[in-house]
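K.L.:
Sequence:
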Amino acid sequence: WFKAAGDAKSAGAAAALIVPELTAEQGEVLLALVAQRLSGTPLAHITGWQQFMGVDMPVGPQALVPRRETELLGRAALQLLADTTGIDLRIIDVCTGAGNLAVAIAMHEPRGRVFAADLSGDAVALARQNVKVHRLEHQVTVREGDLLAPFAAAEFHGKVNLLICNPPYISTAKVGTMVDEISAHEPRLAFDGGPFGVKILHRLMTEAPVFLRPGGWLAFEVGLGQGRAMERRLKKKHDYRQVRRVLDHNGNIRVLLAQV
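In terms of our numbering, the sequence shown opens at residue 5 and continues consecutively.
Because the hints were derived from the structure by calculation, they are not lab data. Even glycine gets a Cβ: it sits at the ideal position worked out from N, Cα and C. Watch out, some of these pointers could steer you wrong.
Stated by the list, open to error - Derived DEER-like restraints, expressed as beta-carbon distance ranges: (1) T176 - T88: 30 to 38 Å; (2) L26 - K163: 32 to 40 Å; (3) H142 - G180: 21 to 29 Å; (4) A36 - D243: 30 to 38 Å; (5) P114 - T27: 37 to 45 Å; (6) T88 - T210: 17 to 25 Å.
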C-alpha cells in the first residue's frame, strides 16, 4: 500500500502507521503490486525493504531476505559485545548478504567497528547500499571474497572480538526442493551449504580461531536439526574453551556461540 502511495516501507514498519488514501492512479499501481505478490514475488522484494532488529533495511534479489530467526543471532551477538570491555570492538561478519547483521550491530553497538564480506559481488553491492542508507560508512566496511579470505592480514589475526556468520546451511539436494517463492527469487548461493549443508560451518569453526583474540567469540546460525552435531564438533576442538547454544521458541538450537 505504501509502495503504491510512493513511500515504500517494510511490512513491519507499515503495520504501525495509518494507511494513506490512494489516488485512482495509485490504486492501479496497488493492483499491479498485488498481482506480483500473487505470482509469488516475496513481499520484501516488492516493497524493497525488510525490517530486521527494529531497523528498515533495503533488500533485493541480490541476497537472502533477512529472516526473523537470524535476529536470535543478532541479539546474542549484541549481548556478547555488551559483556565485552573496551572502547574499540572489532567485529567480522562473513556471508553478510544484504549486510543486515553488520548494520544492525553497528547501529546498536557504537563501540563496534564492523568488517563484513560476501562471496557474491551483487550481495556486496546491496550491503554497501544498506551501509550508505544508514550513514554507517565510518563504522562498517564491506569487502568481496570467500569467507575469511578478505581478512587474511596481520591487522585481523588475533585481534577480533566477535566473528559472526549466517552461513548457507541447506544441503544441495534440499535446495532443489525449496518452495518457488524462495528458489525463484533468492540466490542459490545464499542457501547451498554443500552435500550435507555443513560445508561452510566446518570451515568457519576451523578458520575462526586464527582471527579471534583471547576471550573472543564465534557466533553462527545453524539449520534445524544441525545444532547438536555442530555443538559436539565445537566441543571437540581444543581452540574453544566454552560453547553456548541459543534456542528458538520451539526449543530448537538455532545459534551456537564459542569462545576462544
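K.L.:
Compare the structure with each hint and give your call.
P.N.:
Hints versus structure:
For T176 and T88, the Cβ-Cβ distance of about 37 Å falls inside the hinted range of 30 to 38 Å, so the restraint holds. The given range of 32 to 40 Å is broken by L26 and K163, whose C-beta atoms sit roughly 53 Å from each other. The hint said 21 to 29 Å for the Cβ distance between H142 and G180, and at roughly 42 Å that hint is violated. For A36 paired with D243, a C-beta distance near 54 Å fails the hint of 30 to 38 Å.
The given range of 37 to 45 Å is respected by P114 and T27, whose C-beta atoms sit roughly 42 Å from each other. A C-beta distance of roughly 24 Å is found between T88 and T210, which places it inside the suggested range of 17 to 25 Å.
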